[in-house]
Structure formats: C-alpha cells, structure tokens
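Asker: Chain by chain, the residues:
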Amino acid sequence: MIRYGADGYFGYPITPQSEVLEKLEEEMPWETTGMVVLQAESEVAAINMVYGGAMTGKAVCTSTSSPGFSLMQEGVSYLAASEVPALLINVQRGGPGLGTIHASQADYFQACKGGGHGDYHMIVLAPSSVQEMADMVALGFDLAFKYRCVSMILADGTIGQLMEKVVLPEQRPRRTDDEIREQCPWAVNGRKGMRPSNVVTSLELDDDKMEENNWRFQACYREIEKNETRCELIDTDDCDYLITAFGTTARVAMKTMELARAEARGRQERQGHPVR
Amino acid sequence: MELNDIIKPENKVYSEPKLLNRVHMHYCPGCSHGVVHKLVAQVIEEMGVAEKTVGISPVGCAVFAYNYIDVDWEEAPHGRATALATAVKRLWPENLVFTYQGDGDFSAIGTCESIHACNRGENIVIIFINNAIYGMTGGQMAPTTLLGQKTATCPYGRRPDLNGYPLAITPLLAQLDGTCYVTRQSVHTPANVRKAKAALRKAFENSINCKGTSVVEIVSACNTGWKLTPEKANKWMEENMFAKYPLGDLKDLKDGIQR
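Protein sequences, first through last, are from chains A and B. The numbering of the first sequence is our numbering, which starts it at 1 and goes up by one. The numbering of the second sequence is our numbering, which starts it at 1 and goes up by one.
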C-alpha cells in the first residue's frame, strides 16, 4: 500500500490479518510518503472512514477478516452506490459466526455477489501467493479508479499468514492534491477556485432516477466482466480434466494436477503408450 | 425617500447568505434546521472558506442539507458522519470539516463513532441538533426524549423503567481530552440566534486551526413531532428542554487540546 502511493489506511485488528495494521504503524508512512494510517474503533467505523476518504478522491483502503467484513457490508454498499473507488481486503477465516481463526474460502459468495444490500458487485481479486497479494494492491487500486468502483482482494488465512519470497513493486509517488482534483472532478474536497459544489450521496428518492442509476451500475459491471476477467492457465492445452481454484486451494490444485500427470505418465510408460 | 436611498451598502445590516441555495427547503414551518442552515452558510461565507469546506450530512431530517448550503458535501450512512469526517480531515488537513447530525444519528446509532471521534481529538466540528425526537421517520422516541414526553414509540410518555433516561451526551463529550470546545445553544430568539452564530464561528475556526474537536449542540424545536404550534413548541422547549439541556458553554479551551 505504501509503495502504491496510497493516501490512507483505516483498519481494526482481527486475526488472521492484524499484521497489516501493525506493520503500517511500525513503518510510519506518514513520515515518508504522507500516507495516513489510523486504527478505528470498529470495522464499522473503519469502512466509513474509507467511505469518507474515498469520496474526496484519495486512494484509501482497509483490511479485515470475515466477521469484520460482514460488519463492513453496509459501508461497501454505500461505496458501490456512490461510485467511488476503494480497495478492501478480506483475509478469510472460517465461519459462520465467530467461527475459527483458521483459513477458509467461505466468503466466496459474499464477495462475488455483492455482500451488502442492493444490487451491486465488486471487482474481486484472489491471490494464491504472497507475490500476487503484493501485486494485487496496485492492480486493485488502478481498477477501482478506472471504473470508479470497489475492488477487493479476497485472500484467505493461509495466504495471509504465509512467508514467501516476494519482489516488491517500485515506490510510486502519492498523487498531489491538484492531481487528485484533476483526475477526480467529482470528488468532495472543497470548491477550489469556487467551482460548482460537489455532492456525493447514495440517496435518490426519484424511482426513475434510481432505476437509471442501477442500469448504469450494471453496465459498468458488464464492462468490467468483459475487460478484466483474469485467470492463470496452467497446462490446459492438452487437458482431459480442468480444475478451477483460487487462493490456497489453487496451490493444492496445482500439486494435485502435477501428481495426477506424473501418475498418468507412469501408467502410459508401463502400457507402452507414447509419453506426452 | 426612494427605496434605493434607504437600501445602501452602509445601511445594510443583513442580507441573504450567498451560500444558501435559492430552493424551497423541505423543513416544516417552525423547525430550527432552516435557521441553523442559514447560520452555517453565513459563517462559512464570512470566513471566506467555502473553497476548503466539506460538510457531512446525516440520515434524518437534515439528510438533504447538501441541497441547501452551497459547499462540497458527503452524505453519510446513519450515525457514521464523524467517521467520514475523521478521514476527510486527516486526508485534507487544511480543510474545514463539519458534520451536521440529529439526536438519533449522533447519540443513538452513531454513539460509538461520535465518542471516539471526539476522544481522538479529530479537528472537526460536530453540529448536533437535539430536538428530542426522530423527526424524519415520523416522531419516534429518541435517546434525548424527555421523561413523560409522548412520541410514536412511547405513546403514553417516556418511562424510565421501560425506556431508560434521556441521554445528555454533550456533557460526556466535554469530559473527553479530545474536545476543545463544547457548547449548547438554541435558535428560538434573535439573541439566541446571534449567540449560536458566534459559537459556530468559534467552532469552525477551531477546525481550521486544528485545535481539537468542537461540538455545538443546538437544542431545537420539532413542532410537528411534538404536535404543537411553532410558537407553543418554542415555549415548551424553554420550559422543558432547557431544564434537562441547559444552554451555555460546557468547555472552551482557548489554546486547543494538549497533544
């Protein structure tokens, strides 16, 4: 986040991802890049700080784990309805309820179908390694600003706690306030030069206009589906079976495929078939 | 004498604030919101800070404050205005950031965010309209509803055994180390309007000068919710509300909070 040039992080401790907030406080980015880091009083407050910051055009984010992400859903719905960019990270643990602190992928539907009230979607990026986790911060922010929508990184407790070698991205400078005003003419940060006032709201009492808004949201989601659907294809050219997976499960799936192919190769050799 | 001879700049003692949009307000006749809106517009204009002002409107009667005062606005989820304001002020530290919240928004659903923003000493202004009732949803009991007061959800009058006691949140906030200015005002007479305006000015200057959190409670009339005429509502407010919520400064740290 610091290297991306993010402007603010607002979070609340929850296992298994409290290290994000701990590390940010330890790094003190407000002394170097000027990034704001704040421990909120709850996940509800944290997501609303993200909402408040996002509406000003700044690059803001939060991270949490499953029960915390449930608490944030109201705010996510408001972010989506207001068409403001933000990056959210859910390092999933097992549920429902207080559940377990161990890894899970049980929030898949919550992430992919929206999660809060109303008909909205987020861009969901699912890393299967620490490297992807690092790379997806920049990707998530860039996509959020490109489409003025919410991006989330859907990690899981194993990826969240994993130690792996990682190549960190180059430090990007934070945008200046004037750059933000130029890039985000819709943003709420004061009427500089006495421009017409900006209001960001998710409220629309006129039913026809609310319907229009929803058509616009859906058109944006279709555009994102068309342009931004991503997956890594491994040895799919000659496959008889296709395994799809994300996160930690993707690593298990890759190994499974490797073993299955080795076993098949052995069988083919024994039977005198050509090995491919 | 012609009209133009009377109305000269040197004779002018009052004019419509330019930052107040020329639209019909949805507030009921007799409601205090309109007066407070006008004061906010006046003070921002007089301070010349519209270019760096961000208001946060609540959920409640004042949800449409952004239609009336011509500055940049964010519209918050119910109760979360101070969380939004926290981020705005931290990310844009030179801005004047204020929230405008009713008693349900600020002291019921938003109590957690309200107390913690004040406790962190966020350099924001909280304008807290206390009319002891939920106006927008049709007159239900608020945390600030007085004992014996009848509302849609305590139709026989608020009872402490059923509903607990009226919550005076402002004195609690005055005890916190993060607040620099906590005051309680009203806008039901010209003299009170002037005092309230001076309080708003002081609070706004505190935000710009990063002196800590300022809370300006306005004890307000909701004649519709109270089912009284505007005149009787003001009288009822004086006789009943001021006893529980007395006017005046609760805290005023001239040099701001200690950091």
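Keep in mind that a hint or two might mislead.
[Claimed, not checked] Here are the simulated BS3-like cross-link-like pairs (lysine-lysine), alpha carbons at most 25 Å apart as the crow flies: (1) Lys38(B) <-> Lys150(B); (2) Lys244(B) <-> Lys195(B); (3) Lys202(B) <-> Lys52(B); (4) Lys113(A) <-> Lys209(A); (5) Lys192(A) <-> Lys52(B); (6) Lys18(B) <-> Lys192(A); (7) Lys192(A) <-> Lys202(B); (8) Lys197(B) <-> Lys18(B); (9) Lys195(B) <-> Lys235(B); (10) Lys146(A) <-> Lys113(A); (11) Lys150(B) <-> Lys192(A); (12) Lys52(B) <-> Lys235(B).
These are computed hints drawn from the structure, not numbers from a lab.
Asker: Could you tell me which of the numbered hints above are not met by this structure, giving the numbers in increasing order?
Answerer: Of the numbered hints given earlier, those the structure breaks are 1, 11, 12, listed in rising order.
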